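Asks: Here is how the chains run, residue by residue.
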Amino acid sequence: MKDFLNRLLSTAAENGIEASEAYYVEKESFSLMRCQGDGEYKSNQTRGLGFRGLMNGRMGYASTEAFDDEAIQQLVKGVKESAELCENDDVQILYKGGDQLPEIQLYQPQLDQVSAETKLEAAAKLEEMSSGMDERIVNGYYGVETGKVTVRIMNSYGMDRSYTENVCAIFSQPNAKDGECVSSGGYQQLERDFSKLDVEKVAKEAVKRAVDGLHAQPVPSGVYRIVLDPEAMTSLLGVFATVFSGETEQKGLSLLSGKMGQTVAADCVTLVDDPLMPQCFDSRPFDAEGVPSRRNVLLEKGVFQGFLHNLKTAKKAGVESTGNASKAGFAGAVRVSPSNLYFEKGSISLEQLLKNVGDGIVINDVSGLHAGANPVSGDFSLLAKGYTLKDGKRDKPVERITVAGNFYELLKNIRCFADDLTFPGGSIGSATVDVGEMTVSGS
Amino acid sequence: MIDKRLAADVLDAALSTGGDFAEIFLEDRRNQSLVLESNRLESVNSGRLHGAGIRVYYGLSAVYTYTNSTDREGLLKCAKEAAMAVKAEKSGIVTAKPFVDTVVNNIHPIYMYPSKTDTRKKADLLRCANAAARKAGEEISQVICSYNDSEQDVLICNSEGLFVSDTRVYSRMSCQAVAGSGTENQTAHEAPGAMKGFEHYLNTIDADVVGRKVGQAAIKMLHAPFCPSGVMPVVIGNGFGGVIFHEACGHSLEATSVALGMSEFCGKLGQQIASSCVTAIDDGTMPNEWGSENIDDEGTPTTRLVLIENGILKNYMIDRLNGKRMGMAPTGSARRQSYAFAPTSRMRNTFIAPGVDDEAEMISTMGDGLYAAKMGGGSVNPATGEFNFAVNEGYLVKDGKIVHPVRGASLIGKGGDILMQIDRVGQTMTMAQGVCGSLSGSVPTNVGEPWIRIKSITVGGRS
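Line by line, the protein sequences are chains A and B.
Under the numbering used here, residues 1 to 443 are what the first sequence spells out, in order.
Under the numbering used here, residues 1 to 463 are what the second sequence spells out, in order.
Hints are not guaranteed to be accurate.
In silico lysine-lysine, BS3-like type, Cα no more than 25 Å apart, as pairs [said to hold, decoys possible]:
#  : chain 1 : residue 1 : chain 2 : residue 2
1  : A       : K251      : B       : K80
2  : A       : K77       : B       : K121
3  : B       : K77       : A       : K251
4  : A       : K125      : A       : K96
5  : B       : K414      : A       : K251
6  : A       : K208      : B       : K135
7  : A       : K27       : B       : K77
8  : A       : K125      : B       : K314
9  : B       : K116      : A       : K80
10 : A       : K208      : A       : K315
11 : B       : K324      : B       : K314
12 : B       : K97       : A       : K148
13 : B       : K80       : A       : K27
14 : A       : K2        : B       : K213
15 : B       : K135      : A       : K80
16 : B       : K268      : A       : K177
17 : A       : K251      : A       : K177
18 : B       : K135      : A       : K77
19 : A       : K327      : A       : K96
20 : A       : K177      : B       : K87
21 : B       : K220      : A       : K148
22 : A       : K396      : B       : K414
No wet-lab data here; the hints were simulated from the structure.
Predicted model, so just to flag it, every value in this text is computed and none were measured.
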């Protein structure tokens with residue numbers, strides 16, 4: 001591969017591309033999903049290359065999954081055409097490297113040694129345990145996944161950096177049925193060490209969620225005190241994280257623009273982006289431009305500390321890159337994204353938080369995020385599930401309600417975080433949070 | 001893309017451990033995308049997707065492997081890996097039957113192939129939409145326009161002798177406008193596309209009109225109050241309004257959920273599942289439509305399928321593997337985003353057929369409620385039937401009269417309940433383009449309907 005990359009960089013130089021960079025990704029993944037005793041087994045090895053280059057100050061992009069001689073010609077031609085047509089006058093930069101990278105252990109060689117048989121056994125056990133745990137569980141999806149990815153960035157300035165990461169996961173999505181009533185549950189666990197996957201715990205938690213949701217009903221429409229559990233809060237944060245991006249701000253799409261140093265959230269809110277936590281799954285020693293990763297605080301006790309940047313947006317803002325260059329796959333343009341983004345936990349227990357709230361609704365699942373939440377306006381109206389809270393205790397299951405609000409207002413209305421910080425999807429974290437009153441639409 | 005001799009060797013390798021059926025899906029796709037924002041062409045990106053997926057069944061279990069290495073060595077390695085995962089209990093090895101050439105009858109003529117169209121023309125289209133959107137008023141603070149096109153060559157062959165190839169051409173533009181007051185932002189969005197080349201933007205779509213509509217809608221929403229919340233009658237406009245059928249019912253009629261007993265519509269063929277004014281169709285054969293094909297991603301010719309006729313459930317959408325589970329024939333509905341996904345049953349162009357009702361009467365007799373003129377996307381859990389989708393542009397109706405616009409909200413419910421609540425179906429059906437995400441990735445789908453009225457549905461507003 002090194003030979004292909006070198007030929008590509010030199011062909012680009014011969015064709016008048018002043019500086020160029022190859023972003024190469026190699027992936028291996030394995031998954032087994034079981035459903036009603038049948039299995040769907042998938043495995044693959046793929047590679048892809050994103051190529052970009054500077055001509056007359058403009059950056060051109062092209063990509064390929066084919067690595068023949070035609071590919072080199074196509075990439076060089078694509079980058080030239082792209083650079084010629086682009087009208088973006090921002091100063092474009094390829095990173096020269098040469099600096100020290102942080103140490104972070106994302107690769108466990110023993111995970112690669114886990115046999116397919118062992119993975120198949122884990123999936124079968126997960127299905128068997130989940131199905132047997134409660135007679136109301138009628139069907140479901142149960143799966144095991146492992147993945148390994150190597151990212152390499154090589155450019156005409158001589159930078160050549162790479163890292164390899166591997167990860168394994170199990171998930172359970174059972175459906176419970178009682179009479180005509182059906183309820184779905186879901187739970188997953190991500191690890192780097194296969195032996196840490198806890199089949200029993202995942203089965204138990206997913207079954208509990210499915211069964212707990214049976215016979216849920218909407219509540220009457222009105223204004224309620226709302227508690228978001230970590231799943232619900234991280235779902236919201238995932239959609240609205242883009243408002244902290246310097247790129248979003250420079251396009252005029254973040255309402256945090258011009259608010260650096262100002263209070264934009266309640267004083268119990270501290271929001272951190274940290275790519276250097278090996279236990280999380282958006283970790284990396286360097287970003288998509290090769291810039292070393294670092295921890296950034298976005299909100300400190302409610303005060304906005306500044307946007308996340310890549311090299312281009314940082315230059316335009318007159319600051320340093322925060323190491324948040326990102327790429328959607330190997331083919332996309334360089335953008336700005338958070339890595340592991342989380343709200344710092346509070347100091348009281350979950351029980352205490354619920355007790356303080358007294359009466360209200362705890363939301364543990366929101367859906368419809370891709371359409372019902374708008375990161376430009378901050379508005380959201382989402383289908384939600386959870387349970388009512390009476391005197392700080394779980395009362396009745398609730399479904400088919402919507403919670404509606406605005407993310408910027410929600411940040412200001414947060415009253416308290418509990419101390420149960422988790423990262424449900426692996427990279428976005430929150431504790432259970434009391435967000436005050438919100439409009440609920442139900443029956 | 002590959003010769004028959006290699007294809008046969010690869011299929012035999014995939015079947016070498018006792019699989020019942022093997023298939024190769026080979027893809028070579030050339031994409032281009034352009035983005036214009038902040039009044040300038042921000043990026044032009046061209047790419048090539050290339051790879052092959054190999055599938056083997058044994059009983060009702062399936063193995064899927066894929067790779068970018070499509071030479072003999074790479075494909076055989078991929079096939080052997082698939083074979084290794086097969087845990088067949090029967091003895092005896094099946095081999096691939098001799099190939100029978102199938103020639104695709106192309107019903108989607110292309111006049112301006114993306115790869116032969118000057119990229120500058122595509123850029124000019126975006127400039128036109130951008131200028132029109134900004135002309136809507138000074139409150140327009142940003143306009144983001146994009147253009148994406150692709151030419152996808154596929155070759156599909158299987159151990160039952162199928163050997164077929166096809167080319168699919170897609171193009172789509174999108175325009176999003178943001179209206180801002182400094183403290184608030186509101187957005188509007190349109191994204192027309194087709195299974196066509198650039199001719200679509202010369203003959204059918206006027207970028208100036210697209211931009212203007214989007215700009216005006218964003219400004220309108222900036223000045224609109226919040227939508228009310230509660231249970232009320234709702235009239236849904238035509239075009240993208242069809243997303244209600246897509247979410248509330250369409251996904252639950254895909255064999256993906258039906259075959260596994262995970263749909264509220266399991267076992268209901270021949271039964272009434274919708275109000276008798278509802279007829280719904282999923283049609284992959286409409287020439288040059290966004291969700292159309294000649295053959296599906298298993299090589300089966302695409303079809304026109306009546307899903308619901310006058311409220312009675314007539315058909316499910318079925319792929320090969322789930323067809324085996326259900327004991328029913330595939331309906332040409334197997335689709336996948338790319339070689340990196342195993343195919344499963346998916347919607348194509350899915351719409352509620354025109355009815356007999358008058359649009360003005362729907363509003364004038366509805367009392368107090370909501371007219372949802374523009375819908376956003378949505379989602380559903382087929383196992384429970386719970387769905388949600390977004391209203392991007394709504395109007396408050398009081399005493400049978402449209403009063404004023406209201407800001408976005410969501411509509412939620414259970415599919416089975418809502419279909420029975422439809423009491424009016426208008427006469428003019430239009431379709432709009434969407435990208436539908438599910439187990440086999442993101443695929444282009446049309447949604448469509450005439451105006452319809454739902455007697456009672458939960459509206460998730462904020463006032």
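Asks: Against the 25 Å threshold, does the CA-CA distance of B/K116 and A/K80 hold or violate the hint?
Replies: Within the cut-off at roughly 17 Å; holds.
Asks: Would you mind confirming whether the straight-line C-alpha gap from A/K396 to B/K414 stays at or under 25 Å?
Replies: This hinted pair holds, its Cα atoms lying about 20 Å apart.
Asks: Measure nothing beyond the straight line between the CA atoms of B/K135 and A/K80; if it is 25 Å or shorter, mark the hint as holding.
Replies: 33 Å, violated
Asks: Taking only the CA atoms, is the gap from A/K125 to A/K96 under or equal to 25 Å?
Replies: 50 Å, violated
Asks: Quickly compare the C-alpha distance for B/K268 and A/K177 to 25 Å and report which way the hint goes.
Replies: 18 Å, holds
Asks: Assess, step by step, whether the Cα of A/K327 is no farther than 25 Å from the Cα of A/K96, and give holds or violated.
Replies: The given pair, whose Cα atoms are some 19 Å apart, holds under the 25 Å limit.
Asks: Quickly compare the C-alpha distance for A/K125 and B/K314 to 25 Å and report which way the hint goes.
Replies: Violated, because 38 Å separates the two Cα atoms, which is more than 25 Å.
Asks: For the pair we were handed, A/K27 and B/K77, check the Cα-Cα distance against 25 Å.
Replies: 16 Å, holds
Asks: Against the 25 Å threshold, does the CA-CA distance of B/K77 and A/K251 hold or violate the hint?
Replies: Status violated; Cα separation ~47 Å.
Asks: Tell me if the straight-line CA distance from B/K220 to A/K148 falls inside 25 Å.
Replies: Cα-Cα ~48 Å, so violated.
Asks: Under the criterion that the straight-line Cα-Cα distance not exceed 25 Å, is the pair A/K208, A/K315 satisfied?
Replies: 50 Å, violated
Asks: Quick one, are B/K97 and A/K148 close enough, alpha carbons at most 25 Å?
Replies: 37 Å, violated
In this structure, the earlier hints numbered 1, 3, 4, 5, 6, 8, 10, 12, 14, 15, 17, 18, 20, 21 are contradicted, and the remaining ones agree with it.
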